[in-house]
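Chain A is fixed; fit chain B onto it per the hints.
Line by line, the protein sequences give chains A and B. Using this note's numbering, read the first sequence as starting at 1 and increasing by one per residue. Using this note's numbering, read the second sequence as starting at 1 and increasing by one per residue.
Simulated from the structure, these hints should not be mistaken for laboratory data. All residues carry an ideal CB built from backbone N, CA and C; glycine is no exception. Don't take each hint at face value.
As the list claims (entries may be wrong) - Facing chain A, a subset of chain B residues (Cβ under 8 Å, in silico):
1) L120
2) D127
3) A128
4) V131
5) I141
6) S151
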Amino acid sequence: MDESSPRLQSQSSPTGWQVTLSGSWAAADLARSAVWSGLQRSIDALVPQARGAKGSWDLRAIDRLDHTGAQLLWNAWGRRWPAQVQASPAQRAMLDRVARFSVAPPQEQSLSALQRFLRLGELVYKVVDHGRDLLRLIGQLLLDIVRLLRAPRDGPWRDVSGQLYRIGATALPITALVGFLIGVVLAYLMSQQLRKFGADAFIVDVLGIALIRELAPVLAAILIAGRSGSSITAQIGVMRVTEELDAMRVMGIAQGYRLVMPRAIAMAIAMPLITVWTTLAALLGGILAADLSMGISPAYFITALPPTVDVANLTLAMCKAMVFGVLIALVGCHYGLRVKPNTESLGEGTTASVVTSITGVILVDALFAVLFKDVGI
Amino acid sequence: MTAPVAPASIVVDIRNLWSIFRVAGRDIVVHEDLNLQIERGELVSLVGGSGSGKTVMLRSILGLETPTRGSVSVLGRPAAQLSDAGAASRVGMLFQHGALFSAFSVLDNIAFPLRELRQLPDGLIRDAALVKLQMVGLDVIHAHKMPSDLSGGMIKRVALARALIMDPPLLLLDEPTAGLDPDSADAFCALIRSLHRELGLTVVMVTHDLDTLYELSTRVAVLADKHVIVHGMPKDVIAFPHPFIHDFFLGQRGQRAMELLREYPFAV
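Just chain A, same shape as in the assembly (with noise of 0.2 Å):
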């Protein structure tokens, strides 16, 4: 303990009980460990006489008082004043304005169980306004594509540019990688399997179908979800914490023919090429990997492909992706439209963003499957 410690001695007198502050009384003080243990023991120790009404309180010593440590010695004396306190007139002032601050805190309202069960139904009804708005973008953006096809030369086509730039280069990097190494992983898992059977050709059928009609749509729809989906979100999202949106408003611009549509156009023009892509990048690495494991050549693969895999297989995919392109976009932007103004709000946005266009995507994927199930098989 050193100087500024707070420090506190009591000793009975004849009066009554006598106490003697001295130290730093302030909050940086008296929240040292070491410090504020033992301060706590001796105020639990003070016997009650010096606590109330016969108690005497000399704060004179004190070095340094703040209203944490003004605080400390109300509550310690129990909210009201002891029968002589004997201070400063600036620690008085203190004090006084402790004593007059001093409440009950408010309570938190706690939910009852009426109301618990009544948030139930809020639920309900906010899934009910989720798939509302969501209807409402899809409408606006069927008008929206009417009004460009009336008007193509007055189109937002350099938003249109400017996103299928961001959305679909900027990500070809990242799908081959995971592509590749998928046909690789894909491959060598295959070979183990078929060789026991001695249908080592099959290689070529069960990793064309599997990767251009099902793997190849889905992760790359999945990463673009993760990547493009949330910065969708997040800019549409800052935009309104930002009051951009209002501006906008303001000055008359559509907001769903100038932020919506031209994501959505983007994500249906670029999802396709990015799913070709990372295609190309995992039927490589099946490639390589099957020459490696099973000795297949390249050459033989690649010319036994387009007649063991129907083309339609190819369409299938293609029209998968779209889909999900704008899936992805219409959760994207719908999201970041709720955003309220405050950085909380973005976040969670983002967030429910991605996991309902992931979701969205592996649920549209299981429909398309079903529907069909037909086609190129």
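Relative to the frame of chain A, chain B by itself:
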């Protein structure tokens, strides 16, 4: 330190400060050999045109900006050490837009510096935060609201309560009344004046608002031509011959605000 030791009554001591920023390969000199000493208990207004380096100076005092040359010491220590642990007990800063933590309620925002000491019991912290909440003129019913539910004036008050939670001897204000309606601005000025008097604070404030300036300042420091061209009592500053001072204080707005000078004779 080789700089001469300042007397104990000097809270902020800026000596030969040079602030140079490199932007696009060009050096931009904001402060050139700037000197300013602020004494304990003063309420100093920093004024200057846009881009004259007021905010950079405030940030240098806070230690958020490292001087290119020269020294800034606050409460006898280099400003760079100001933001070490326990900074809240040395200096309080009211940011222009409040800078409340949007994830915390009003009460948690105010209590945050005390909680970070990780020693004091919750009840004491809550009581101390409630006292500060009422000291800045807010009712306790607002304690559990989130910052996004507050008006601009309330955000500034909560931010002020948070800045003052550990009773720092030095308070910095960046445009305290910007964005407030006249009534709230007046009330906020009165609040700062009463806190300054009651708590014996040293206050440094950047402001463009002449009403606020006349109502509060015991001293005015004018930043122009990369220096503090004059630092003194408001009436001496107005008399100083410089084109910026002439335009700023004696323009039309200045004439109107000057009426206030007769009402508030500099005394605090």
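How the hints compare with the structure:
no.: 1; hint: L120; result: holds, 6 Å
no.: 2; hint: D127; result: holds, 5 Å
no.: 3; hint: A128; result: holds, 5 Å
no.: 4; hint: V131; result: holds, 4 Å
no.: 5; hint: I141; result: holds, 6 Å
no.: 6; hint: S151; result: violated, 13 Å
The structure fails hint 6 only (numbered hints given earlier).
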